[in-house]
Amino acid sequence: MNQLGFPILSVMLLVPLVAAVACVYSAAANARRIALGATLIDLLLGIVLWATFDQAGQAERWQFVEYQPLFGRFAWALGIDGIALMLIMLSVFLMPICIGASWRAIERRVPEYMALFLLVEVLMIGTFAAQDLFLFYIFFEAGLIPMYLIIGIWGGTRRIYASYKFFLYTLLGSVLMLIAMLWMARYAGTTSIPALMETDFPVEAQTWLWIAFFASFAVKVPMWPVHTWLPDAHVEAPTAGSVILAGVLLKLGGYGFIRFSLPMFPEASQQLIWVILALSMVAVVYTSLVALVQADMKKLIAYSSVAHMAIVMVGLFAFNQQGLEGAMIVMLSHGLVSGALFLCVGVIYDRLHTREIARYGGLASVMPRYAILFLLFTMATIGLPGTSGFVGEFLSLMGVYQVNSFATLICTTGIILGAAYSLYLYRRVVFGVADKPDVLKMEDLSRREIALLAPIAAVVLWLGIYPESFIAPMRADVAALTQRIDRARPVGDAQVAAAAPGAVQEQVGGPQDAHGAEAH
Amino acid sequence: MADYLLRLAPELILIIGGVLLLLAAAWRGERGVDMVTLLSVAVLALAGVSLLGPASTGGDSFGGLHQADAFAAFCKVGIYVAAAVCILIAPRFFRRAGGTMQPEYPVLILFSCVGMGMMVSAGDLLTLYVGLELQSLAAYVLASFLRRDLRSAEAGLKYFVLGALASGIMLYGVSLLYGFTGTTLFDGIAAAFAESIETTGQPSLGQVFGLVFVLAGVLFKISAVPFHMWTPDVYEGAPTPVTTVFATAQKFAAMALLVRVSAEALGPGLEQWRQIIVFVALASIILGAVAAIGQSNIKRLLAYSSINNVGFALLGLAAGTAEGLAAVISYMAIYIVMTLGSFLCVLQMRDSEGRPVETIASLAGLSRTRPGLAAAMAVFMFSLAGIPPLFGFWGKFLVFDALIGVGYWELAAIGIALSVIGAYYYLKIVKTIYFDEPAPGYAPSDSRLEGGLIAAAAVLLSPLGYLLIPALALASGQAAAALF
Numbered sequence: 001m002n003q004l005g006f007p008i009l010s011v012m013l014l015v016p017l018v019a020a021v022a023c024v025y026s027a028a029a030n031a032r033r034i035a036l037g038a039t040l041i042d043l044l045l046g047i048v049l050w051a052t053f054d055q056a057g058q059a060e061r062w063q064f065v066e067y068q069p070l071f072g073r074f075a076w077a078l079g080i081d082g083i084a085l086m087l088i089m090l091s092v093f094l095m096p097i098c099i100g101a102s103w104r105a106i107e108r109r110v111p112e113y114m115a116l117f118l119l120v121e122v123l124m125i126g127t128f129a130a131q132d133l134f135l136f137y138i139f140f141e142a143g144l145i146p147m148y149l150i151i152g153i154w155g156g157t158r159r160i161y162a163s164y165k166f167f168l169y170t171l172l173g174s175v176l177m178l179i180a181m182l183w184m185a186r187y188a189g190t191t192s193i194p195a196l197m198e199t200d201f202p203v204e205a206q207t208w209l210w211i212a213f214f215a216s217f218a219v220k221v222p223m224w225p226v227h228t229w230l231p232d233a234h235v236e237a238p239t240a241g242s243v244i245l246a247g248v249l250l251k252l253g254g255y256g257f258i259r260f261s262l263p264m265f266p267e268a269s270q271q272l273i274w275v276i277l278a279l280s281m282v283a284v285v286y287t288s289l290v291a292l293v294q295a296d297m298k299k300l301i302a303y304s305s306v307a308h309m310a311i312v313m314v315g316l317f318a319f320n321q322q323g324l325e326g327a328m329i330v331m332l333s334h335g336l337v338s339g340a341l342f343l344c345v346g347v348i349y350d351r352l353h354t355r356e357i358a359r360y361g362g363l364a365s366v367m368p369r370y371a372i373l374f375l376l377f378t379m380a381t382i383g384l385p386g387t388s389g390f391v392g393e394f395l396s397l398m399g400v401y402q403v404n405s406f407a408t409l410i411c412t413t414g415i416i417l418g419a420a421y422s423l424y425l426y427r428r429v430v431f432g433v434a435d436k437p438d439v440l441k442m443e444d445l446s447r448r449e450i451a452l453l454a455p456i457a458a459v460v461l462w463l464g465i466y467p468e469s470f471i472a473p474m475r476a477d478v479a480a481l482t483q484r485i486d487r488a489r490p491v492g493d494a495q496v497a498a499a500a501p502g503a504v505q506e507q508v509g510g511p512q513d514a515h516g517a518e519a520h
Numbered sequence: 001m002a003d004y005l006l007r008l009a010p011e012l013i014l015i016i017g018g019v020l021l022l023l024a025a026a027w028r029g030e031r032g033v034d035m036v037t038l039l040s041v042a043v044l045a046l047a048g049v050s051l052l053g054p055a056s057t058g059g060d061s062f063g064g065l066h067q068a069d070a071f072a073a074f075c076k077v078g079i080y081v082a083a084a085v086c087i088l089i090a091p092r093f094f095r096r097a098g099g100t101m102q103p104e105y106p107v108l109i110l111f112s113c114v115g116m117g118m119m120v121s122a123g124d125l126l127t128l129y130v131g132l133e134l135q136s137l138a139a140y141v142l143a144s145f146l147r148r149d150l151r152s153a154e155a156g157l158k159y160f161v162l163g164a165l166a167s168g169i170m171l172y173g174v175s176l177l178y179g180f181t182g183t184t185l186f187d188g189i190a191a192a193f194a195e196s197i198e199t200t201g202q203p204s205l206g207q208v209f210g211l212v213f214v215l216a217g218v219l220f221k222i223s224a225v226p227f228h229m230w231t232p233d234v235y236e237g238a239p240t241p242v243t244t245v246f247a248t249a250q251k252f253a254a255m256a257l258l259v260r261v262s263a264e265a266l267g268p269g270l271e272q273w274r275q276i277i278v279f280v281a282l283a284s285i286i287l288g289a290v291a292a293i294g295q296s297n298i299k300r301l302l303a304y305s306s307i308n309n310v311g312f313a314l315l316g317l318a319a320g321t322a323e324g325l326a327a328v329i330s331y332m333a334i335y336i337v338m339t340l341g342s343f344l345c346v347l348q349m350r351d352s353e354g355r356p357v358e359t360i361a362s363l364a365g366l367s368r369t370r371p372g373l374a375a376a377m378a379v380f381m382f383s384l385a386g387i388p389p390l391f392g393f394w395g396k397f398l399v400f401d402a403l404i405g406v407g408y409w410e411l412a413a414i415g416i417a418l419s420v421i422g423a424y425y426y427l428k429i430v431k432t433i434y435f436d437e438p439a440p441g442y443a444p445s446d447s448r449l450e451g452g453l454i455a456a457a458a459v460l461l462s463p464l465g466y467l468l469i470p471a472l473a474l475a476s477g478q479a480a481a482a483l484f
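Protein chains in written order, with UniProt numbering: chain A, 1 to 520; chain B, 1 to 484.
Calculated from the structure, these hints are not laboratory results. It should be emphasised that the depicted structure is a prediction, and the values quoted were computed from it without experimental measurement. Some hints could be false.
As the list claims (entries may be wrong) - Quick list of in silico lysine-lysine cross-link-like pairs, DSS-like style, CA-CA up to 30 angstroms:
hint: 1; chain 1: A; residue 1: Lys165; chain 2: A; residue 2: Lys299
hint: 2; chain 1: A; residue 1: Lys436; chain 2: A; residue 2: Lys299
hint: 3; chain 1: B; residue 1: Lys158; chain 2: A; residue 2: Lys299
hint: 4; chain 1: A; residue 1: Lys441; chain 2: A; residue 2: Lys299
hint: 5; chain 1: B; residue 1: Lys158; chain 2: A; residue 2: Lys165
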């Protein structure tokens with residue numbers, strides 16, 4: 001079975017599922033407790049999972065494997081590698097925080113709300129743990145239903161528009177992926193994801209398959225120009241909904257690229273790398289500029305998410321260890337930091353019931369503790385050394401620099417622009433004179449709110465100061481992935497070679513030269 | 001001789017049972033409603049049980065006029081189950097609508113089932129026609145069953161006039177096929193097509209004409225675009241239990257008939273009819289989805305939804321392989337459950353005085369007034385839209401998989417992209433139920449039976465339904481294999 005002797009992944013799926021059913025039949029107060037209890041149990045199971053995960057790379061690549069051919073055409077196949085482990089950890093870590101954030105903020109239809117959140121947790125863990133192509137698709141798609149209901153029932157004024165947009169956009173992206181999956185399952189004669197990752201698809205088919213998967217994952221990530229559902233969905237979702245959207249659901253896209261697009265279609269990834277780089281460059285500059293002029297705090301953070309996810313994308317398509325590890329760390333960091341920022345917005349939204357930046361000002365004097373934590377997360381989103389953002393962005397950009405220095409140049413401006421919009425937001429909300437009477441009456445963080453934000457702050461610093469804990473489980477898997485895609489590695493444009501001064505240097509080189517360049 | 005009887009057992013049981021119950025109905029009048037209702041369900045159950053014998057494996061009877069094979073058995077199970085549900089839900093509906101229910105209703109459904117059974121067992125164009133007409137005649141009467149209700153009478157008349165037209169078109173096609181192949185037996189027609197293709201490279205023009213007219217007649221019965229016009233009006237006007245019969249049992253039977261005729265009689269003409277089916281399928285998907293968006297009546301919406309779903313099922317037929325045909329009947333089997341569930345929910349839509357309500361707006365905020373019903377309705381809608389993890393997804397999965405199997409991935413991509421348009425109006429219903437402020441609540445449920453059936457349908461369509469995949473694959477695989 002596995003290291004533990006019981007099917008831990010299935011149990012992690014079962015606990016929230018049972019709790020969700022229990023919530024439906026409970027009163028509001030009990031539903032809250034059940035949801036918190038279930039998510040904490042899952043967090044504990046997640047810690048057990050991490051602790052027993054063999055990260056030395058000695059054991060099998062896929063651990064905690066479960067296989068039950070229940071469904072005829074596809075199987076109940078679960079199993080994780082280090083990459084999935086880290087994303088599952090992110091999910092189970094954020095979940096209790098989301099429940100806590102909704103403790104007071106959600107007053108209407110609490111049992112249904114808690115049940116839907118627990119369902120979201122089931123589906124997220126399922127997506128990361130699925131080892132069968134169609135099981136993955138079912139988990140991946142099913143997440144639409146609870147998120148649609150969460151945005152639509154507990155959202156703000158334009159919730160219905162936002163919920164439709166979220167649902168239909170992501171659905172349209174994903175259905176094409178299903179067609180590609182059907183083709184792949186027929187070609188390879190298997191639905192097992194590990195087996196498919198070793199399958200060499202014909203190069204001409206790869207392009208089509210890659211585009212079909214891109215249609216799905218690009219919407220989820222989201223990449224410019226299909227990102228427009230995100231600001232609407234974020235702004236209208238309740239705080240916890242935004243945390244889960246930004247924290248975990250966006251990572252499904254990045255995870256999809258790591259798990260499917262890169263290892264299954266390396267040649268197509270290399271051919272179409274210009275799409276990724278071009279869209280990411282536009283996304284970084286464009287959405288950062290858009291973020292700069294937002295008057296709504298949640299919209300600003302939503303646009304900043306698009307910019308950060310673009311850095312993830314360039315890191316992924318760097319085809320090397322630094323880029324991939326960096327992309328993973330940006331995903332984790334962004335999950336934590338943007339989640340925390342949404343919580344910070346939620347804290348002051350609960351007090352003043354507006355997300356308009358201009359309605360605030362001078363919070364530093366009335367809410368000092370809040371100001372400190374908000375500052376930490378603002379710095380982390382900028383990518384200040386010592387915070388999680390720096391590690392990931394630095395590695396990502398260093399990785400992609402070996403592929404395309406122009407793209408790196410443009411994407412790095414994202415950090416400067418990120419500093420601009422983040423600091424500008426912070427200045428307007430926290431600094432300045434507290435002259436608005438209702439702002440003066442705002443209370444500082446309650447114990448519950450500190451209990452929500454402090455763990456995230458701790459992990460953000462941990463990730464920033466000692467990222468090794470997080471990189472170590474992934475190292476072997478990222479190495480396996482880079483080895484797999486090495487044959488298609490794009491030629492870098494920075495060919496550094498020693499030459500006599502003035503000598504004409506031929507710039508064209510093969511992969512061998514790229515290897516040489518990596519050493520620098 | 002006894003073999004014949006056993007192979008025809010389901011039809012014989014239904015006919016004898018139907019005639020006896022008709023006598024009982026005539027003698028007892030309206031006092032006998034409950035008895036006739038229960039007995040007719042028992043007759044359907046008995047007919048279903050008889051499928052365990054030679055009725056599902058016996059083979060041809062009467063020189064090929066009637067075929068008792070796995071395909072017919074699979075379809076008959078679906079038809080009988082749907083018909084039984086439609087009989088069970090009727091008495092309460094008619095009592096609320098018109099005071100009483102005439103006992104002829106279950107009897108007519110039994111006769112309709114005989115016709116449907118003949119349709120799916122037909123081995124000859126004339127058996128096919130007789131079965132189709134028997135089924136249709138019963139259906140015309142059923143559509144106008146609330147004869148004092150203007151809408152019901154109108155539905156019956158419309159259905160009759162258009163149905164007669166379609167029957168005429170089909171009969172014309174039958175005569176053409178007979179003229180250009182020299183037989184009405186499916187095997188003979190297939191042989192004549194094959195011979196013609198062998199000698200000239202394609203079926204003769206007369207054969208193609210015959211094929212087109214026969215298909216037009218059958219496509220009318222499954223309400224595929226462009227022969228769909230009657231559907232919304234008839235579905236809206238007919239009494240809800242009757243609409244349920246039309247949308248489930250009848251649709252399944254007509255689809256099975258289409259599959260059988262296409263595969264057995266017109267099999268060698270695959271290249272000819274495939275073009276027709278592809279066009280009809282895409283047109284049905286698009287029109288069914290787009291036209292449903294503006295509907296305000298739930299029964300009309302479900303009518304367009306049925307057009308839309310028929311389009312997806314037809315895509316499996318366009319694949320033309322055994323796998324594709326198995327996908328079609330699997331799709332229809334799942335579709336029956338979704339539709340039965342949806343119409344059972346429609347039956348629950350009654351205002352505080354017990355009168356039926358059909359506007360979608362009245363569903364507003366149902367999640368707060370009747371959370372259980374709302375959840376079931378949401379399950380049916382998401383399932384009809386084909387969103388995983390609900391079981392409706394599996395039907396679409398099989399159909400598209402079959403298309404990929406024959407290399408039609410462009411068609412599959414177009415079809416699945418069009419399913420997103422359909423998702424919009426299903427979402428609209430879920431939005432009305434969950435997001436809108438509550439409208440005046442419905443009368444509380446007064447029937448454990450209906451509640452139980454809704455719950456059963458919802459459980460079948462929940463992810464638990466996926467556990468049925470191996471059984472469904474086995475049964476539909478055997479059924480499709482019987483056609484080749």
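Taking the hints in turn, this is what the structure says about them:
{"no.": "1", "hint": "A:Lys165 <-> A:Lys299", "result": "holds (16 angstroms)"}
{"no.": "2", "hint": "A:Lys436 <-> A:Lys299", "result": "holds (23 angstroms)"}
{"no.": "3", "hint": "B:Lys158 <-> A:Lys299", "result": "violated (54 angstroms)"}
{"no.": "4", "hint": "A:Lys441 <-> A:Lys299", "result": "holds (25 angstroms)"}
{"no.": "5", "hint": "B:Lys158 <-> A:Lys165", "result": "violated (39 angstroms)"}
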